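Generate the whole structure from the sequences, applying the supplied hints.
The lines below spell out each chain.
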Amino acid sequence: MATVFIPTPLRKFTNNTAKLEVAGNNVSEVVSKLTGNFPELKRHLINADGKIPSFINIFVDDDDIRNLQQEQTVVKENTIISIVPAIAGGRE
Amino acid sequence: MAGNSILNGTFMDHRDIKFSRDEMSRYNRHIIIPEFGLEAQQKLKASKVLVIGSGGLGSPVLLYLAAAGIGTIGIVDFDVVDDSNLQRQVLFGVGEVGQPKVEAAKRRLESLNPHINLKVYNTQLTSKNALDLIKEYDVVADGTDNFPTRYLVNDACVLLGKTNVYASIFQFEGQVSVFNYINGKGEVGPNYRDLYATPPPAGLVPSCAEGGVLGVLPGIIGSLQALEVIKVVTGVGEVLSGRFFSFDALTFESRTFNIRRNPNNPLNGNNPTIKELIDYEQFCGVKAVEKKIKEINSLELNEWQQRGEDFQIIDVREPYEYEICNIGAELIPLATVVENAGRIDRKRKVVVQCKTGNRSGKAIRELEERFGFDNLYNLKGGILGYIDDINPKLTKY
Chain A
1 MATVFIPTPL RKFTNNTAKL EVAGNNVSEV VSKLTGNFPE LKRHLINADG
51 KIPSFINIFV DDDDIRNLQQ EQTVVKENTI ISIVPAIAGG RE
Chain B
1 MAGNSILNGT FMDHRDIKFS RDEMSRYNRH IIIPEFGLEA QQKLKASKVL
51 VIGSGGLGSP VLLYLAAAGI GTIGIVDFDV VDDSNLQRQV LFGVGEVGQP
101 KVEAAKRRLE SLNPHINLKV YNTQLTSKNA LDLIKEYDVV ADGTDNFPTR
151 YLVNDACVLL GKTNVYASIF QFEGQVSVFN YINGKGEVGP NYRDLYATPP
201 PAGLVPSCAE GGVLGVLPGI IGSLQALEVI KVVTGVGEVL SGRFFSFDAL
251 TFESRTFNIR RNPNNPLNGN NPTIKELIDY EQFCGVKAVE KKIKEINSLE
301 LNEWQQRGED FQIIDVREPY EYEICNIGAE LIPLATVVEN AGRIDRKRKV
351 VVQCKTGNRS GKAIRELEER FGFDNLYNLK GGILGYIDDI NPKLTKY
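These protein sequence lines are chains A and B, in that order.
Here the first sequence is numbered in the numbering used here, starting from 1 and rising by one per residue.
Here the second sequence is numbered in the numbering used here, starting from 1 and rising by one per residue.
Bear in mind the hints are in silico, worked out from the structure with no lab data behind them.
Computed from a prediction, not measured in an experiment: that's the story for all the values here.
There's no promise every hint is true.
[Unchecked claim] Lysine-lysine pairs mimicking DSSO-like chemistry, simulated, CA-CA at most 30 Å apart:
| # | chain 1 | residue 1 | chain 2 | residue 2 |
| --- | --- | --- | --- | --- |
| 1 | B | Lys380 | A | Lys12 |
| 2 | B | Lys231 | B | Lys185 |
| 3 | B | Lys275 | A | Lys51 |
| 4 | B | Lys18 | B | Lys275 |
Here it is, written out as structure tokens:
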């Protein structure tokens with residue numbers, strides 16, 4: 001199963017879990033499974049067109065899925081999937 | 001990049017830079033590193049760096065850049081030092097509370113290194129002044145705290161051809177990258193819009209004032225930001241361009257991702273459509289959100305209470321915040337507002353409050369959109385405003 005890293009702003013929807021093991025053959029399947037298990041995540045990870053919204057980046061191992069096969073990017077047993085949303089803090 | 005800097009309209013060659021005996025002694029530990037040497041130190045002194053935001057990230061960035069001997073440092077901030085800053089903004093002390101941050105920062109940095117020039121701008125960076133401010137500098141370090149300013153800094157840097165050393169933090173998480181970096185071959189690296197084409201909907205990601213931040217985190221991430229500024233200026237090492245660093249202080253997981261330019265980038269992709277700075281508040285949906293909601297300020301709320309008006313107050317903060325201070329409201333944390341909509345009165349006026357007014361605004365929008373409420377009032381300035389105006393005995397946090 002792939003390991004999915006959940007970023008801080010989304011952990012409130014995963015019972016504060018930072019790392020989850022999720023089955024799936026590609027990114028799309030993993031995201032579906034994840035949002036099936038944690039329904040509150042869905043509106044953050046899937047937009048009205050069924051795509052990953054542009055303020056969320058998903059990296060498979062070290063690479064942006066936009067530079068791989070997008071949501072169809074293949075996921076293996078030991079793949080690490082990182083969800084990296086835009087955050088803006090710093091000055092306050 | 002080359003160690004040339006625009007100074008008084010003319011290019012200054014770093015090789016012409018001289019150091020006094022005091023400076024040679026101060027920078028000795030740099031100069032004796034073989035990969036760094038006198039030339040890198042000359043490049044630092046020849047350079048001009050603009051630090052935008054002198055708060056959590058700006059504090060370590062400014063301290064290290066000043067100590068390292070960046071020749072000219074500009075600081076942009078419009079805020080004053082507050083008690084609640086001192087947990088992480090290590091530039092400031094108790095004596096500076098209430099003073100403009102840029103002035104307090106200038107004094108601290110002057111005492112740290114008298115051999116550098118400091119220019120301060122006690123103003124908010126806007127679409128009107130950004131190009132004029134940034135064009136005077138070689139490199140920008142963005143340590144701001146909101147999406148509109150992030151896109152503004154990015155776009156201004158791309159339009160002017162300046163490198164933007166970016167860092168951002170939230171709670172336990174930090175990000176660093178170097179945007180719009182032009183390498184030795186003249187190739188331009190990715191920028192913020194390649195990474196995040198659009199901002200998240202307003203209110204989705206809370207600010208640090210709402211969501212909090214572990215005080216040491218900006219120290220870690222800001223130090224990495226200062227490191228990248230120094231690498232960009234001196235050309236020493238491999239700059240974090242085309243890469244994106246992410247750090248989670250809780251799990252101690254850090255990752256460095258590869259990022260690329262996006263041909264659809266509206267600034268510098270194949271068909272650029274943005275040729276000047278835009279209205280970033282509108283772009284980030286901040287204005288649209290504010291228009292929709294009915295508001296009440298703490299003075300009006302106090303009047304309602306004094307004259308015994310019949311209304312309900314809902315507090316959408318977290319229980320631990322409620323314990324610190326509350327105004328007797330019913331507690332329904334933001335994340336549970338939808339499932340608890342039945343507890344919210346439809347016949348009376350309902351005041352919704354949080355810490356500063358952001359989360360309560362989000363709760364009201366959600367309740368209006370999903371359930372058609374039309375009797376909700378957002379407490380402007382949140383409980384912090386109420387404490388300032390009405391009841392200073394409550395604990396601020």
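Here is what the structure says about each hint:
1. B:Lys380 - A:Lys12: Status holds; Cα separation ~26 Å.
2. B:Lys231 - B:Lys185: holds (17 Å)
3. B:Lys275 - A:Lys51: holds (29 Å)
4. B:Lys18 - B:Lys275: Violated, at about 40 Å.
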